[in-house]
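According to the working numbering, the sequence shown is numbered sequentially starting from 119.
No lab work stands behind these hints, which were simulated from the structure alone. Note that the Cβ used here is the ideal one computed from N, Cα and C, for glycine as well. Any given hint might turn out to be false.
Stated by the list, open to error - Computed Cβ-Cβ distance ranges for the label pairs, DEER-style:
1) P285 - G140: 26 to 32 Å
2) E297 - E162: 39 to 45 Å
3) R247 - V142: 25 to 31 Å
4) A198 - G141: 22 to 28 Å
5) C139 - G296: 41 to 47 Å
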Amino acid sequence: MIAMLRGEVAERGPDHVTLMCGGVGYRLAVSAQTLGAVGPLGREATLHTHLIVRDDALVLVGFAAEAERDLFLALLGVQAVGPKLALAVLGAGTLGAVLGAIASGDAHFFQSVPGVGKRTAERIIVELREKVGAALGDGIVLRRASAADSPRELAREGLVELGFTPPEADRLLAEATGESAEELLAEALRATRRGAQLR
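Turn these sequences into a full structure, and let the hints steer you where they fit.
Here it is as structure tokens:
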């Protein structure tokens, strides 16, 4: 199983990149967010990967963050969501924005993605809301706490890992309530979907 690739960016397309690794070029399908995170041609890049095996092809998908790959796999578990549509959903906003839309039940966010209708948007929310909460609780986004860590510090780190800047994370957490890091993070993500203005 190919879990990660590091190499020189040899090609960039609207929905893919090609990495040269040890003289071999690997073409990876990517979301718009990952494409934006990959450097220009000639730069070195590292992508987490997932291999999709089909009857007619092997498709390698690349992700700038491991958390994005986890959400991609969760999206594939939703009825009527295939790899292309899952990448389109991931490209609709930052990872934090997508998770926030799931947490707050924002069907309009998903309906803005080409190919996602009302029924599919509702399925994504219903089927993934608990999984997203469980993922946060299991520490996929949050690292394990030590005795010196406060819940707010862990939630802040989780937001930064999801792509928010430290000042944005501080602003979101200033109004968040909750006793655990998971509760604070979920509340902060919901705030992004309620129209919180980030600076």
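These are the hints, each one checked on the structure:
{"no.": "1", "hint": "P285 - G140: 26 to 32 Å", "verdict": "violated, 40 Å"}
{"no.": "2", "hint": "E297 - E162: 39 to 45 Å", "verdict": "holds, 42 Å"}
{"no.": "3", "hint": "R247 - V142: 25 to 31 Å", "verdict": "violated, 40 Å"}
{"no.": "4", "hint": "A198 - G141: 22 to 28 Å", "verdict": "violated, 40 Å"}
{"no.": "5", "hint": "C139 - G296: 41 to 47 Å", "verdict": "holds, 43 Å"}
Comparing the model with each numbered hint stated earlier shows that hints 1, 3, 4 do not hold.
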